[in-house]
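A.B. asks: Residues per chain are reported as follows:
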Amino acid sequence: MPPLTRWYIKLALLYLVAALLGGALAAAQRPLGLPAVWAASGPTYIHLLVVGWITGMIFGVAYWMFPKHSPERPRGSNALAIATFALLHGGLLLRAVAEPMHQLQPSSGWGAVLVASAVAQWLAGLGFAVAMWPRVRER
Amino acid sequence: MPRVSAWFVRTALGYLVVGFSLGAWLLAEKGLGSRTALAWALRPAHLEFLLIGWLVQLVMGVALWIFPRFGVPRSAYGSAGLAWSAFVLLNAGVLLVSVAPLLPAGAPLAALGRAIEIAAAAAFAVNLWGRVRPSGLSDI
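So the protein lines, in turn, are chains A and B. By the working numbering, the letter at position 102 of the first sequence is numbered 102, and the numbering carries on one by one without gaps. Here the working numbering runs 1000 ahead of the position in the second sequence, where the first position is 1.
Source of the hints: derived by calculation from the structure; they are not laboratory data. It is possible that part of the hints are untrue.
To be verified - Label pairs and their in silico Cβ distance ranges:
(1) B:R1133 to A:L104: 51 to 59 Å
(2) B:G1106 to A:A36: 35 to 43 Å
(3) B:S1034 to A:L80: 30 to 38 Å
(4) A:P3 to B:S1138: 20 to 28 Å
(5) A:I82 to B:V1099: 20 to 28 Å
(6) B:I1140 to A:L80: 44 to 52 Å
(7) A:E138 to B:V1059: 16 to 24 Å
Ideal Cβ positions, reconstructed from N, Cα and C, are used throughout, including at glycine.
If we strip away everything but chain A, and leave its shape as in the complex, we get:
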């Protein structure tokens, strides 16, 4: 398994645990009197699960197992693959911090971080599709 796939899968496993922990803390915020930031993390928790765990796992495994791009470059462009990885996880981590903070303090500048997160994750989706498209071949 290529190193990038190992990074994707290990991070996906961490996101799985973190997302479920975040969901538990959000549910327990009121009964246990936890900080309000946990109650504001609902959409973030869903996206950690769906983007960080499921989509991250798919990106990593597809990069590894899809048909080879060519004998010279079996997985296509390394630069594009690394950029996709960095944008997906960088964007998601920005969101994980900025979304609850923006909800609690709407005029404190966290909104700009959310916009940066949106652009980063959009570019990651585009990068993955561009990288995988030539590897999806009939045989």
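Given the structure of chain A, go ahead and fit chain B onto it with the hints provided.
C.D. replies: Quick look at chain B alone, frame taken from chain A:
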């Protein structure tokens, strides 16, 4: 991979891009503090494109490609008719469910879309069932 899998996977990649684009728009709207009506009207499409159009469709395409092929009579990949039916029905359902919230009285259309998705799932499940076999190489 077989032709039908390539169509499933390429279509899934298309939904990934469109679904991520809608999601990025919605997240940017939240960050900018604006509430463009069209963006929020497209939120159900964002969910549908990514959950069914991307995730479910990718899983179907890859499963048809990599599941065991031994012991299946007639065609190594199962029934081509069922596989293509699942592809067409799934995508018709995704489009109907996504468009329905934008239309006045779109609820029946959304219900029809869901029914078509169920038919796609049934066609896929019937086709794949016979390919789920033990390898004999593992204890678990």
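A.B. asks: For every hint, state whether the structure bears it out.
C.D. replies: These are the hints, each one checked on the structure:
R1133 of chain B and L104 of chain A have their C-beta atoms about 53 Å apart, which keeps the hinted 51 to 59 Å range intact. In this structure the supplied range 35 to 43 Å holds for G1106 of chain B paired with A36 of chain A, their Cβ-Cβ distance being about 37 Å. At roughly 32 Å, the beta carbons of S1034 of chain B and L80 of chain A sit within the given window of 30 to 38 Å. In this structure the hint that P3 of chain A and S1138 of chain B lie 20 to 28 Å apart at CB holds, the actual value being about 26 Å.
Between I82 of chain A and V1099 of chain B the beta carbons are some 37 Å apart, a value that contradicts the proposed interval 20 to 28 Å. Under the hint 44 to 52 Å, the C-beta atoms of I1140 of chain B and L80 of chain A, about 37 Å apart, miss the expected range. For the hinted restraint 16 to 24 Å between E138 of chain A and V1059 of chain B, the CB-CB distance of approximately 19 Å keeps it satisfied.
Checked against the numbered hints listed earlier, the structure breaks hints 5 and 6; every other hint is satisfied.
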